[in-house]
Amino acid sequence: EDQVTQSPEALRLQEGESSSLNCSYTVSGLRGLFWYRQDPGKGPEFLFTLYSAGEEKEKERLKATLTKKESFLHITAPKPEDSATYLCAVQPDPSGGSYIPTFGRGTSLIVHP
Amino acid sequence: GAVVSQHPSRVICKSGTSVKIECRSLDFQATTMFWYRQFPKKSLMLMATSNEGSKATYEQGVEKDKFLINHASLTLSTLTVTSAHPEDSSFYICSARPSETQYFGPGTRLLVL
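Residue numbers (the working numbering), protein chains in the order written: chain C, 25 to 137; chain G, 831 to 943.
A portion of the hints provided could be inaccurate.
[Unchecked claim] Derived pair list, reagent style PhoX-like, types lysine-lysine, alpha-carbon separation capped at 25 Å:
1) Lys87(C) x Lys103(C)
2) Lys850(G) x Lys66(C)
3) Lys81(C) x Lys92(C)
4) Lys872(G) x Lys66(C)
5) Lys894(G) x Lys844(G)
6) Lys66(C) x Lys871(G)
7) Lys844(G) x Lys66(C)
8) Lys83(C) x Lys93(C)
9) Lys850(G) x Lys885(G)
10) Lys896(G) x Lys850(G)
11) Lys81(C) x Lys93(C)
12) Lys872(G) x Lys894(G)
13) Lys103(C) x Lys871(G)
14) Lys850(G) x Lys872(G)
15) Lys103(C) x Lys81(C)
16) Lys66(C) x Lys87(C)
17) Lys93(C) x Lys872(G)
18) Lys103(C) x Lys66(C)
These are calculated hints, taken from the structure and not from any lab test.
All chains, please: the whole structure from these sequences, using the hints.
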């Protein structure tokens with residue numbers, strides 16, 4: 025069974041204080057790993073897709089990295105508007121019989137001004 | 831990115847009534863759409879996979895007769911919560927994917943009184 029564990033569950037940062045969110049996963053063949061941002065009362069917003077170990081993607085203050093066992097979402101010099109819940113999901117290889125992604129519980133990030 | 835819309839964004843109804851939620855892919859065709867339920871401060875719970883022109887695939891523990899899904903066209907899937915009760919109050923989110931990446935709708939907040 026595919027599993028996704030995100031840590032920490034909650035994270036409070038001061039504005040400008042860089043940090044990283046972790047997503048550990050076990051999957052029977054990784055098709056892709058996804059990061060989403062979710063604001064309260066809204067649907068998840070797509071951030072990144074990573075396909076293979078060693079891959080990195082960046083968007084503004086965010087950088088996502090991937091290894092064979094985990095992914096990190098690095099937040100550099102965060103601002104209060106970066107406050108949100110960040111979700112990680114893994115998509116299994118369809119050849120294993122499933123194409124349904126598994127989501128983690130998310131990390132709730134609060135950035136204080 | 832791809833755009834997925836949901837309607838309504840919020841609905842309040844009396845216990846025993848039925849509520850229909852629409853999910854549309856605005857700029858792509860989707861043979862498959864996904865319906866999720868999200869409880870406060872919890873991650874996404876996949877309810878069912880909606881398949882255009884055929885029956886939906888429900889996850890274990892989800893009542894098929896309670897949550898009716900219809901996927902009549904390549905851009906529209908509907909979720910009907912039949913005979914709603916207060917315990918059905920939740921945040922319902924749909925998603926679709928034009929490629930490997932899932933794109934989510936903005937969600938529908940259902941409150942059953």
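Against the structure, the hints come out as follows:
1. Lys87(C) x Lys103(C): Roughly 15 Å between the alpha carbons, so the hint for Lys87(C) and Lys103(C) holds.
2. Lys850(G) x Lys66(C): 19 Å, holds
3. Lys81(C) x Lys92(C): 16 Å, holds
4. Lys872(G) x Lys66(C): 13 Å, holds
5. Lys894(G) x Lys844(G): 21 Å, holds
6. Lys66(C) x Lys871(G): 12 Å, holds
7. Lys844(G) x Lys66(C): Holds, at about 24 Å.
8. Lys83(C) x Lys93(C): 22 Å, holds
9. Lys850(G) x Lys885(G): 17 Å, holds
10. Lys896(G) x Lys850(G): 12 Å, holds
11. Lys81(C) x Lys93(C): Cα-Cα ~17 Å, so holds.
12. Lys872(G) x Lys894(G): Roughly 23 Å between the alpha carbons, so the hint for Lys872(G) and Lys894(G) holds.
13. Lys103(C) x Lys871(G): 22 Å, holds
14. Lys850(G) x Lys872(G): 23 Å, holds
15. Lys103(C) x Lys81(C): 19 Å, holds
16. Lys66(C) x Lys87(C): Holds. Lys66(C) to Lys87(C) sits at ~23 Å (cutoff 25 Å).
17. Lys93(C) x Lys872(G): The hint holds at about 23 Å.
18. Lys103(C) x Lys66(C): Measuring from Cα to Cα gives roughly 20 Å; hence the hint holds.
Every hint, counting from the list given before, is met by this structure.
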